[in-house]
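Chemist: Chains as they are written, first to last, in this note's numbering: chain E, 1 to 224; chain B, 1 to 80.
Think of the hints as simulated: they come from the structure by calculation, not from any bench.
Fair warning: there could be bad hints in the mix.
What the hints assert, rightly or not - Within a straight-line C-alpha distance of at most 30 Å, the following computed DSSO-like cross-link-like pairs (lysine-lysine) qualify:
no.	chain 1	residue 1	chain 2	residue 2
1	E	Lys112	B	Lys43
2	B	Lys80	B	Lys43
3	E	Lys178	E	Lys208
4	B	Lys58	E	Lys178
5	E	Lys122	B	Lys58
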Amino acid sequence: MSWSFAAPAFQKTHSVWAVDLPGHGVAGNDVGSGLVEDLSEAVKREIIETISGPIALLAHSLGGAVAIQLAHDSDIAVSQLVLLAPAGVLPLTDTDFVSGFSKLESVDTISKHLKRAVRREKIITNSMADYVRSSLQTAGRRRALEKLASAATTSALIPEIRHDRLTCIWGEDDTIIKPDQPRLTALFDDLHMLPNIGHLPHLEATQKVCRIAQAALAAMGSLD
Amino acid sequence: MTAEITVPQLGNEIEEAELTEWLKGLGETVEAEEPVLVLTTTKASIELEAPASGTLAKILVREGDLVPVGALLGIINLAK
């Protein structure tokens with residue numbers, strides 16, 4: 001759901017697929033161990049069945065950690081990585097935000113929880129909170145989220161990112177994974193720090209994120 | 001010279017949105033890429049950027065109104 005505003009910007013030049021990670025959106029709740037390795041295997045199976053040829057991955061937060069894992073996987077030809085506040089690169093700052101999801105009940109508490117992730121709270125609507133509430137009511141979703149949170153809060157940081165075409169976008173006011181600019185500058189040649197933006201840049205600054213990603217894809221010179 | 005503020009494509013199956021809030025008032029100066037209004041769909045909200053720098057010369061849709069994709073929302077008189 002969170003990518004729905006961004007997708008149209010790429011549909012004139014690319015075929016676009018939105019992949020829900022296990023335990024998220026409309027995906028199933030088999031998260032395996034909850035570790036990034038298991039999640040990336042699940043996504044890889046989905047990709048291999050659906051897409052042929054090189055792919056550019058645009059990924060956010062936990063999806064970013066999965067995208068990095070996929071880029072290191074020789075079974076998948078990843079042509080470009082565009083990462084938004086990827087997990088595993090810097091320490092998780094607000095562990096309660098991640099571990100709290102599985103315990104949320106009402107639309108009101110979900111809305112308050114989601115607002116911790118953004119700078120401008122108006123971005124979070126009741127319909128978004130209601131969507132999350134419906135998701136939490138599906139069988140096995142809360143247990144899946146508990147496993148994901150446990151893995152996310154105990155995993156070691158990713159030691160390196162091996163890919164030549166790498167773009168990173170981070171909100172300067174992200175309080176979920178607080179940006180450490182010297183570390184990010186060392187990791188990413190193409191780093192975009194967005195002022196007044198929190199942990200959801202693709203929702204908080206959709207058009208800006210799309211421009212950065214489109215420029216990265218254009219620089220790659222491929223319309224795959 | 002003017003620039004139009006219109007409702008962009010908002011994703012699969014989204015055909016309309018509510019103009020929730022104007023972040024700039026009539027006659028106010030706006031910078032290109034600066035958020036000027038908030039649109040809300042059944043899925044989420046998005047801040048829409050000004051397409052160019054100038055002055056917000058016309059507000060054509062009121063807060064709370066539903067507008068289809070492609071609708072004209074406002075007009076910016078371009079900065080000289």
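Chemist: Does the structure keep Lys178 (chain E) and Lys208 (chain E) at a Cα separation of 30 Å or less?
Modeler: 20 Å, holds
Chemist: When you check the alpha-carbon spacing of Lys80 (chain B) and Lys43 (chain B), does it fall within 30 Å?
Modeler: 38 Å, violated
Chemist: Keeping to a limit of 30 Å between CA atoms, is the pair of Lys122 (chain E) and Lys58 (chain B) held or broken?
Modeler: Since the Cα atoms of Lys122 (chain E) and Lys58 (chain B) sit roughly 24 Å apart, the hinted pair holds (cutoff 30 Å).
Chemist: Holds or violated: Lys112 (chain E) and Lys43 (chain B), Cα atoms, limit 30 Å.
Modeler: 17 Å, holds
Chemist: Please verify whether Lys58 (chain B) and Lys178 (chain E) have alpha carbons no more than 30 Å apart.
Modeler: Since the Cα atoms of Lys58 (chain B) and Lys178 (chain E) sit roughly 40 Å apart, the hinted pair is violated (cutoff 30 Å).
The structure fails hints 2 and 4 (numbered hints given earlier, in ascending order).
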